[in-house]
Amino acid sequence: GENVEQHPSTLSVQEGDSAVIKCTYSDSASNYFPWYKQELGKRPQLIIDIRSNVGEKKDQRIAVTLNKTAKHFSLHITETQPEDSAVYFCARTDSWGKLQFGAGTQVVVTP
Amino acid sequence: GAVVSQHPSWVICKSGTSVKIECRSLDFQATTMFWYRQFPKQSLMLMATSNEGSKATYEQGVEKDKFLINHASLTLSTLTVTSAHPEDSSFYICSASGLAGREQYFGPGTRLTVT
Numbered sequence: 041g042e043n044v045e046q047h048p049s050t051l052s053v054q055e056g057d058s059a060v061i062k063c064t065y066s067d068s069a070s071n072y073f074p075w076y077k078q079e080l081g082k083r084p085q086l087i088i089d090i091r092s093n094v095g096e097k098k099d100q101r102i103a104v105t106l107n108k109t110a111k112h113f114s115l116h117i118t119e120t121q122p123e124d125s126a127v128y129f130c131a132r133t134d135s136w137g138k139l140q141f142g143a144g145t146q147v148v149v150t151p
Numbered sequence: 669g670a671v672v673s674q675h676p677s678w679v680i681c682k683s684g685t686s687v688k689i690e691c692r693s694l695d696f697q698a699t700t701m702f703w704y705r706q707f708p709k710q711s712l713m714l715m716a717t718s719n720e721g722s723k724a725t726y727e728q729g730v731e732k733d734k735f736l737i738n739h740a741s742l743t744l745s746t747l748t749v750t751s752a753h754p755e756d757s758s759f760y761i762c763s764a765s766g767l768a769g770r771e772q773y774f775g776p777g778t779r780l781t782v783t
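Chains as they are written, first to last, in the working numbering: chain A, 41 to 151; chain B, 669 to 783.
It should be emphasised that the hints constitute simulated quantities derived from the structure, not laboratory data. It is possible that some hints are incorrect.
[As the list claims (entries may be wrong)] Just the calculated beta-carbon pair ranges, DEER-fashion:
{"hint": "1", "chain 1": "A", "residue 1": "Pro151", "chain 2": "B", "residue 2": "Gly684", "range": "43 to 51 angstroms"}
{"hint": "2", "chain 1": "A", "residue 1": "Lys98", "chain 2": "B", "residue 2": "Pro754", "range": "44 to 52 angstroms"}
{"hint": "3", "chain 1": "A", "residue 1": "Asn43", "chain 2": "B", "residue 2": "Asn719", "range": "23 to 31 angstroms"}
{"hint": "4", "chain 1": "A", "residue 1": "Val60", "chain 2": "B", "residue 2": "Pro708", "range": "21 to 29 angstroms"}
[Unchecked claim] Calculated cross-link-like contacts (lysine-lysine; reagent style DSS-like; alpha-carbon spacing at most 25 angstroms):
{"hint": "5", "chain 1": "B", "residue 1": "Lys732", "chain 2": "A", "residue 2": "Lys77"}
{"hint": "6", "chain 1": "A", "residue 1": "Lys138", "chain 2": "A", "residue 2": "Lys97"}
{"hint": "7", "chain 1": "A", "residue 1": "Lys82", "chain 2": "B", "residue 2": "Lys723"}
{"hint": "8", "chain 1": "B", "residue 1": "Lys688", "chain 2": "A", "residue 2": "Lys82"}
{"hint": "9", "chain 1": "A", "residue 1": "Lys138", "chain 2": "B", "residue 2": "Lys682"}
No residue lacks a Cβ here, since even glycine has one placed at the ideal position from N, Cα and C.
Chain A extracted, bound-state conformation (with noise of 0.2 angstroms):
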């Protein structure tokens, strides 16, 4: 099927500082973009989502934004906390309403 990329694979920020995470992907019919986070040995957990009629949506230090022309989405989570380091992934929902994932980034808050 489609691919998502995504990028950076790995990403260390000093804690209070910002962290991006970018992917692209290529299928126009795609339309519920959402972002998860996991800790080693855990589940995936939905930390927001977008869908394609919204450019932008906010959830206290985490945020997402989407461009459809451009068909990319990124992750933005200020004032970064150790508790957020963990392994990211973005994911899209394809015709079928499969979820597609990104290859994740692996993201270290150093205090």
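Dock chain B against the given chain A, drawing on the hints supplied.
Just chain B, lined up with the frame of chain A:
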């Protein structure tokens, strides 16, 4: 709400044996359940999609005779790994959705180790 459970949380089995993993939606009816496999330091890869009362749809490269999926009710789907081999060792995660294309709720995963 929207709780999905999986059982067992981990299992160790010998090569050649079969292992069954259960996925249950505890507080909602799941019209669709998805099975993923995740190898260490990799992303989630969709294995198959199952709808209650019908045959599962497998992704390209996934052997349907090896990974048997049964979705007998709106709250239960099972994945049976038949004749398991060490290369089947992985983290298997299910998810459930009440409406196609909407949010999927993930189970806690099952760590399978085949010796």
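Each hint, compared with the structure:
Between A:Pro151 and B:Gly684 the Cβ separation comes to about 48 angstroms, which falls inside the hinted range of 43 to 51 angstroms. At about 45 angstroms, the CB distance of A:Lys98 to B:Pro754 agrees with the hint of 44 to 52 angstroms. Range check, A:Asn43 to B:Asn719: Cβ separation about 25 angstroms, and the 23 to 31 angstroms hint holds. In this structure, A:Val60 and B:Pro708 meet the distance hint of 21 to 29 angstroms, their C-beta atoms being roughly 26 angstroms apart.
The hinted pair formed by B:Lys732 and A:Lys77 fails the criterion: a straight-line CA distance of about 30 angstroms is larger than 25 angstroms. Between A:Lys138 and A:Lys97 the CA atoms are separated by roughly 22 angstroms; this keeps the pair inside 25 angstroms, and the hint holds. In summary, the hint linking A:Lys82 to B:Lys723 is not supported, as the alpha carbons are separated by about 29 angstroms, beyond the 25 angstroms threshold. Taking the CA atoms of B:Lys688 and A:Lys82, the gap is near 20 angstroms; set against the 25 angstroms cutoff, the hint holds.
A hinted pair counts as satisfied when its Cα atoms are at most 25 angstroms apart, and A:Lys138 with B:Lys682 does not qualify at roughly 33 angstroms.
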